[in-house]
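A.B. asks: Residue strings, one per chain:
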Amino acid sequence: MKDGKVINTVVLPTGIDNNSTAKKIVAALSKKYGVTRSDIGYIMATGYSRKILEVADDDISEITAHAYGVRVTAPEGYRPGMVVDIGGQDSKIIYLDANYNVKNFTMNDKCAAGTGKFMEVIAQILETTIDQVGPLSLESTAPCDINSTCVVFAQSEVISLVARKFDRRDILAGMHLSMAKRIIKMMKKSEKGGDILMTGGGALNTGIHRAFEEEMMKDVYVAKYPQFNGAVGAALIASERGGI
Amino acid sequence: MMCGEWAQSLAEGINMVGEAQYEMSEFLRYRRHDPALLHGTQVMAIMNAYSYMPVKMWAGQMHKLNLEMRLRLEQERFVGRKNQPRILVTGSPIAFPNIKIPLLIEEMGGILAADETCMGERGLYDPVSVIDPGFDGMMRALASRYTKPCTCPVFVDNSQRVYRIRQMIKEQKIQGVVYHVLRGCLVYDYEYQMMEGELGKLDIPIIRVESDYNEEDVEQLRIRIEAFIELIKLKEYAKQKKKGCDSNGQILSRIGWWFHLSEGRPDERRESDQYGSAAYGY
Numbered sequence: 001m002k003d004g005k006v007i008n009t010v011v012l013p014t015g016i017d018n019n020s021t022a023k024k025i026v027a028a029l030s031k032k033y034g035v036t037r038s039d040i041g042y043i044m045a046t047g048y049s050r051k052i053l054e055v056a057d058d059d060i061s062e063i064t065a066h067a068y069g070v071r072v073t074a075p076e077g078y079r080p081g082m083v084v085d086i087g088g089q090d091s092k093i094i095y096l097d098a099n100y101n102v103k104n105f106t107m108n109d110k111c112a113a114g115t116g117k118f119m120e121v122i123a124q125i126l127e128t129t130i131d132q133v134g135p136l137s138l139e140s141t142a143p144c145d146i147n148s149t150c151v152v153f154a155q156s157e158v159i160s161l162v163a164r165k166f167d168r169r170d171i172l173a174g175m176h177l178s179m180a181k182r183i184i185k186m187m188k189k190s191e192k193g194g195d196i197l198m199t200g201g202g203a204l205n206t207g208i209h210r211a212f213e214e215e216m217m218k219d220v221y222v223a224k225y226p227q228f229n230g231a232v233g234a235a236l237i238a239s240e241r242g243g244i
Numbered sequence: 001m002m003c004g005e006w007a008q009s010l011a012e013g014i015n016m017v018g019e020a021q022y023e024m025s026e027f028l029r030y031r032r033h034d035p036a037l038l039h040g041t042q043v044m045a046i047m048n049a050y051s052y053m054p055v056k057m058w059a060g061q062m063h064k065l066n067l068e069m070r071l072r073l074e075q076e077r078f079v080g081r082k083n084q085p086r087i088l089v090t091g092s093p094i095a096f097p098n099i100k101i102p103l104l105i106e107e108m109g110g111i112l113a114a115d116e117t118c119m120g121e122r123g124l125y126d127p128v129s130v131i132d133p134g135f136d137g138m139m140r141a142l143a144s145r146y147t148k149p150c151t152c153p154v155f156v157d158n159s160q161r162v163y164r165i166r167q168m169i170k171e172q173k174i175q176g177v178v179y180h181v182l183r184g185c186l187v188y189d190y191e192y193q194m195m196e197g198e199l200g201k202l203d204i205p206i207i208r209v210e211s212d213y214n215e216e217d218v219e220q221l222r223i224r225i226e227a228f229i230e231l232i233k234l235k236e237y238a239k240q241k242k243k244g245c246d247s248n249g250q251i252l253s254r255i256g257w258w259f260h261l262s263e264g265r266p267d268e269r270r271e272s273d274q275y276g277s278a279a280y281g282y
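Chains U and E are the protein sequences, given in the same order.
For the record, in the first sequence the residue sitting at position 48 is 48 according to the numbering used here, with numbers rising by one throughout.
For the record, in the second sequence the residue sitting at position 155 is 155 according to the numbering used here, with numbers rising by one throughout.
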């Protein structure tokens with residue numbers, strides 16, 4: 001990130017050695033732009049292994065990072081209100097005030113319901129890939145009813161739907177509705193005002209975006225770099241601290 | 001005859017607890033000091049000890065502790081720093097082996113400034129005030145002490161709890177409230193909504209954390225508590241920016257403020273703090 005603009009992003013699976021994965025990312029980016037480590041003003045870590053990365057100067061929690069990221073990635077016309085982040089293993093809702101400060105947040109990370117993992121598991125049963133899940137579900141005309149929000153129960157529910165010869169597209173649409181309902185349940189009724197913005201890898205899925213709009217009965221915005229929203233936020237904080 | 005013996009032993013008991021209560025009220029005065037003289041986690045363990053130790057022994061140890069506190073105050077040996085987010089813990093009891101929440105609060109750079117759980121000062125805050133020294137009078141004093149001022153949500157009318165929390169927020173300059181809900185301890189969960197509304201009026205952020213005696217949810221609690229403390233810091237920063245200076249009258253640049261806030265990486269913090277979570281294996 002430079003002058004408040006995102007230069008480049010890289011995504012790699014964490015693997016089991018998170019430290020060397022982080023080093024690889026820094027090395028790849030440095031090589032591409034012909035810079036050395038000392039040319040980089042500040043590196044901020046965020047996310048699950050943020051505390052142990054040696055390459056980072058400091059770390060920040062995902063919640064603060066996401067709230068900062070929205071300042072850059074929010075589409076035009078977005079009034080700060082609610083940020084819905086659907087990640088690989090958790091989903092969270094962050095409530096912002098008019099100045100993009102965090103007012104409150106709710107998180108779901110003790111179970112996989114309403115997370116990207118849910119999509120992955122269902123996609124695997126339906127023999128499709130995660131990037132096809134969204135487009136396929138948009139073709140559905142009559143979404144199935146999936147009542148379970150628990151991944152394991154939903155998995156057996158989906159298998160029984162497959163056995164009853166339901167269309168794959170309808171099952172996927174039903175899955176998205178079920179996820180959207182699960183996340184909407186997490187939202188606080190008291191926190192009103194502002195628009196809803198979706199971030200996280202889950203926001204790349206057009207199906208879940210549509211399900212959200214249907215369930216909320218209002219427009220839902222999607223961040224500019226959904227998957228990197230937290231990273232952009234961390235970079236923004238890093239640029240403030242590094243004085244860039 | 002028998003009644004006289006009972007009265008004698010009851011009076012002794014009341015005096016004994018009264019002594020402990022006195023020592024605790026002295027201790028609370030030192031606890032109020034900012035920067036802190038003692039880690040909130042240690043205070044919590046001390047208050048927990050009241051439930052596990054003979055009262056007389058506890059009062060004796062508290063007396064020694066108060067002398068130490070006075071010494072620390074005179075020599076200005078503080079364990080906390082200025083401008084650390086001051087947190088109040090309320091909700092379900094945090095009983096001794098399960099102290100991951102206070103540990104996480106202090107590891108993440110906050111200071112546990114007050115404890116409103118029933119393992120905290122609540123049990124000793126009000127003394128038994130005997131007016132009539134007869135057996136009957138003492139029984140009345142005990143009954144009114146142990147039922148009336150108790151702010152446990154098992155009682156139907158519990159407006160006293162909100163009052164007490166408001167009082168603590170004012171006295172201890174609390175900036176955020178961690179509302180602990182033990183799985184299955186539902187009475188506190190019922191009061192959460194009301195508490196959220198009340199604290200919303202005071203503009204004090206509150207977070208509900210659900211946990212139990214297992215250790216497996218430490219990481220989940222960590223992210224919540226860390227984000228909560230960052231939230232308080234940023235809120236404080238926004239307030240200072242409005243004023244243009246911090247409490248010492250220095251102008252803070254944005255970057256300066258960030259460095260002001262960062263306490264080093266947690267691994268460095270852990271080494272420097274012998275009572276940190278590393279000692280407990282978290």
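Derived from the structure by calculation, the hints contain no laboratory data.
Since the model is a prediction, treat every value here as computed from it, not as a measurement.
Hints may contain errors.
The calculated lysine-lysine pairs, modelled on PhoX-like cross-linking and capped at a C-alpha distance of 20 Å, are [said to hold, decoys possible]:
1) U:K224 - U:K185
2) E:K148 - U:K103
3) U:K103 - E:K56
4) E:K201 - U:K192
5) E:K235 - E:K173
6) U:K103 - E:K64
A.B. asks: Give a verdict on every hint.
C.D. replies: Structure-based check of each hint:
1. With a C-alpha separation of about 25 Å, the suggested pairing of U:K224 with U:K185 is violated against the 20 Å cut-off.
2. As the CA atoms of E:K148 and U:K103 are separated by approximately 36 Å, the hinted pair breaks the 20 Å bound.
3. For the hint linking U:K103 to E:K56, the alpha-carbon distance of about 46 Å lies beyond 20 Å, and the restraint is violated.
4. Note on E:K201 and U:K192: the hinted pairing holds, with a Cα-Cα distance of about 16 Å set against a maximum of 20 Å.
5. Note on E:K235 and E:K173: the hinted pairing holds, with a Cα-Cα distance of about 15 Å set against a maximum of 20 Å.
6. Distance check on the hinted pair: U:K103 and E:K64 sit about 43 Å apart at the alpha-carbon level, beyond 20 Å; violated.
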